[in-house]
Amino acid sequence: MNNSFDKINHENLGQEVHYDEYRWRIFKKKRLRSLEILDSLKELGESIIVIGSVARGDVRENSDIDIFILGSIQSYKLEYILENKGYKIYNKEIIQATPNYAPKAYYYIDSDYKEVISFPLAKLNNNELEFYGWGGKISKNEILLNKRVPGVNKELKLIIPTDFGHIEYPIFGRESEVSRILNIKLETVLERERVLSRRKEIGKTGVFLKYEVPFDEPLDEAIEFLMKKNQFFAKRMMEYNN
Numbered sequence: 368m369n370n371s372f373d374k375i376n377h378e379n380l381g382q383e384v385h386y387d388e389y390r391w392r393i394f395k396k397k398r399l400r401s402l403e404i405l406d407s408l409k410e411l412g413e414s415i416i417v418i419g420s421v422a423r424g425d426v427r428e429n430s431d432i433d434i435f436i437l438g439s440i441q442s443y444k445l446e447y448i449l450e451n452k453g454y455k456i457y458n459k460e461i462i463q464a465t466p467n468y469a470p471k472a473y474y475y476i477d478s479d480y481k482e483v484i485s486f487p488l489a490k491l492n493n494n495e496l497e498f499y500g501w502g503g504k505i506s507k508n509e510i511l512l513n514k515r516v517p518g519v520n521k522e523l524k525l526i527i528p529t530d531f532g533h534i535e536y537p538i539f540g541r542e543s544e545v546s547r548i549l550n551i552k553l554e555t556v557l558e559r560e561r562v563l564s565r566r567k568e569i570g571k572t573g574v575f576l577k578y579e580v581p582f583d584e585p586l587d588e589a590i591e592f593l594m595k596k597n598q599f600f601a602k603r604m605m606e607y608n609n
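Heads up, the sequence shown is in our numbering, so the first residue is 368 and it goes up one at a time.
Since the hints were made in silico from the structure, they are not lab data.
Take these hints with a grain of salt, some might be off.
With a straight-line Cα cutoff of 20 Å, these simulated SDA-like cross-link-like pairs (lysine to any residue) come out [claimed, not checked]:
{"id": "1", "residue 1": "K396", "residue 2": "L511"}
{"id": "2", "residue 1": "K395", "residue 2": "D406"}
{"id": "3", "residue 1": "K452", "residue 2": "R427"}
{"id": "4", "residue 1": "K471", "residue 2": "Y447"}
{"id": "5", "residue 1": "K471", "residue 2": "V483"}
{"id": "6", "residue 1": "K524", "residue 2": "F539"}
{"id": "7", "residue 1": "K409", "residue 2": "L399"}
{"id": "8", "residue 1": "K409", "residue 2": "K455"}
{"id": "9", "residue 1": "K471", "residue 2": "K595"}
{"id": "10", "residue 1": "K471", "residue 2": "S485"}
{"id": "11", "residue 1": "K524", "residue 2": "K396"}
{"id": "12", "residue 1": "K595", "residue 2": "L576"}
{"id": "13", "residue 1": "K552", "residue 2": "R541"}
{"id": "14", "residue 1": "K471", "residue 2": "L593"}
Derived DEER-like restraints, expressed as beta-carbon distance ranges [stated by the list, open to error]:
{"id": "15", "residue 1": "E584", "residue 2": "S543", "range": "41 to 51 Å"}
{"id": "16", "residue 1": "Y389", "residue 2": "K602", "range": "43 to 53 Å"}
{"id": "17", "residue 1": "D479", "residue 2": "K395", "range": "15 to 25 Å"}
{"id": "18", "residue 1": "Y389", "residue 2": "K595", "range": "42 to 52 Å"}
{"id": "19", "residue 1": "Y447", "residue 2": "S543", "range": "29 to 39 Å"}
{"id": "20", "residue 1": "G412", "residue 2": "E584", "range": "22 to 32 Å"}
{"id": "21", "residue 1": "L512", "residue 2": "G453", "range": "22 to 32 Å"}
{"id": "22", "residue 1": "I393", "residue 2": "K455", "range": "44 to 54 Å"}
{"id": "23", "residue 1": "E542", "residue 2": "Y480", "range": "23 to 33 Å"}
{"id": "24", "residue 1": "K455", "residue 2": "L402", "range": "35 to 45 Å"}
{"id": "25", "residue 1": "L399", "residue 2": "S543", "range": "35 to 45 Å"}
The beta carbon of each residue, even a glycine, is placed where N, CA and C say it ideally should be.
Take these sequences, add in the hints, and give me the full structure.
Put into C-alpha cells, the structure is as follows:
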C-alpha cells in the first residue's frame, strides 16, 4: 500500500485497526467504482477529487463515494455527461453549510444516495479549499498509484492509514498535531471541529440552507429562486464573479 505520509511517527498515536480480507475487498470495490465515475467525468476538463473514507481507506459497505469537482461548471453539461454515460440522477440538492460558505450542488447517482457528485456554485475561498484536506482528498492519479491519505472521519477521529489498516484517535486536545499531519492551518482544524461538533449534536439538518431540487426544475432555476428568497445565499453567489 502506497501511503503518502510514511514519515509520520505512529508510536503512541492511538488505536490500531486491522482490516480483514473482506474490508480490503470493500476498499478495492469502492476505489474501482470511484475510478469509473472519474473516467466518466473527464470530459468536464476540471480538477476532480475523491474525498472522505474512500481517500483515507477506512471504508465500510455503506460508505459514501464522494466526488468533488473543484472548478466551476455548467450544470447542464454535467447532466448531459451523466445521462450519456448511462447514469441516472436520483436526486439533486443545493446546500449552504453557513451564510459565509459557498453553496454547493449535490447530484446523487444511485438509489441509496451513496454515490454523490458535488461542485461549488460560488467561488471557494482559501479556507474552504482547505476543508477538503480535512476529511482526506485524493486524485485519480493517486488512486491509480494505490495511495491512501490521512483525514478526519465523521466521529471526529483522525485516521492515519497503515499497511495493516489504520491508526485512529480523537482530535480533541490534539488539534496542532492534526494540523501538522493534514498540512492545513490550525484555524481550519478548530473551525471544522466547532462546526461539526455542533452539527453532530443537532443532527444533519444543522446546515444553514438545504434545498431539494424538484425533478422538473433545472438547477439554474433553483439557484434563481434561492437568490430571490435568501439574501445570504444571494450575497455569496454574487461573489462568484468577483
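Hint check:
1. Note on K396 and L511: the hinted pairing holds, with a Cα-Cα distance of about 13 Å set against a maximum of 20 Å.
2. About 16 Å separates the Cα atoms of K395 and D406, which keeps this hinted pair within 20 Å; it holds.
3. A C-alpha spacing of about 27 Å is found between K452 and R427, which places the hinted pair above 20 Å, so the restraint is violated.
4. At most 20 Å may separate the alpha-carbon atoms for a hinted pair to count; K471 and Y447 meet this at roughly 19 Å.
5. Restraint check: the Cα-Cα separation between K471 and V483 comes to about 12 Å, which is no more than 20 Å; the hinted pair holds.
6. The hinted pair formed by K524 and F539 meets the criterion: a straight-line CA distance of about 9 Å does not exceed 20 Å.
7. Between K409 and L399 the CA atoms are separated by roughly 16 Å; this keeps the pair inside 20 Å, and the hint holds.
8. Restraint check: the Cα-Cα separation between K409 and K455 comes to about 18 Å, which is no more than 20 Å; the hinted pair holds.
9. Under the criterion of a C-alpha separation no larger than 20 Å, the hint pairing K471 with K595 is consistent with the structure, at around 17 Å.
10. For the suggested pair K471 and S485, the alpha carbons sit about 7 Å apart, so the restraint of at most 20 Å is met.
11. For the suggested pair K524 and K396, the alpha carbons sit about 24 Å apart, so the restraint of at most 20 Å is broken.
12. The hinted pair formed by K595 and L576 meets the criterion: a straight-line CA distance of about 14 Å does not exceed 20 Å.
13. For the hint linking K552 to R541, the alpha-carbon distance of about 13 Å falls within 20 Å, and the restraint holds.
14. At roughly 12 Å between alpha-carbon atoms, K471 and L593 fall within 20 Å of each other, so this suggested pair holds.
15. For the pair E584 and S543, the beta carbons lie near 46 Å from each other, so the given range of 41 to 51 Å is met.
16. Our hint of 43 to 53 Å for Y389 and K602 holds, since their Cβ atoms are close to 48 Å apart.
17. The hint said 15 to 25 Å for the Cβ distance between D479 and K395, and at roughly 19 Å that hint holds.
18. At roughly 50 Å, the beta carbons of Y389 and K595 sit within the given window of 42 to 52 Å.
19. Separated by about 46 Å at the C-beta atoms, Y447 and S543 break the suggested range of 29 to 39 Å.
20. Between G412 and E584 the C-beta distance comes to about 27 Å, which sits within the given range of 22 to 32 Å.
21. The beta-carbon spacing between L512 and G453, approximately 28 Å, falls within the hinted interval of 22 to 32 Å.
22. At roughly 23 Å, the beta carbons of I393 and K455 sit outside the given window of 44 to 54 Å.
23. Remark: the range hint 23 to 33 Å for E542 to Y480 is upheld by a beta-carbon distance near 32 Å.
24. Hint check: K455 to L402, Cβ distance near 19 Å, so the stated range 35 to 45 Å is violated.
25. Taking the beta carbon of each, L399 and S543 are about 37 Å apart, inside 35 to 45 Å as hinted.
When held up to the earlier numbered hints, the structure conflicts with 3, 11, 19, 22, 24 and fits the remainder.
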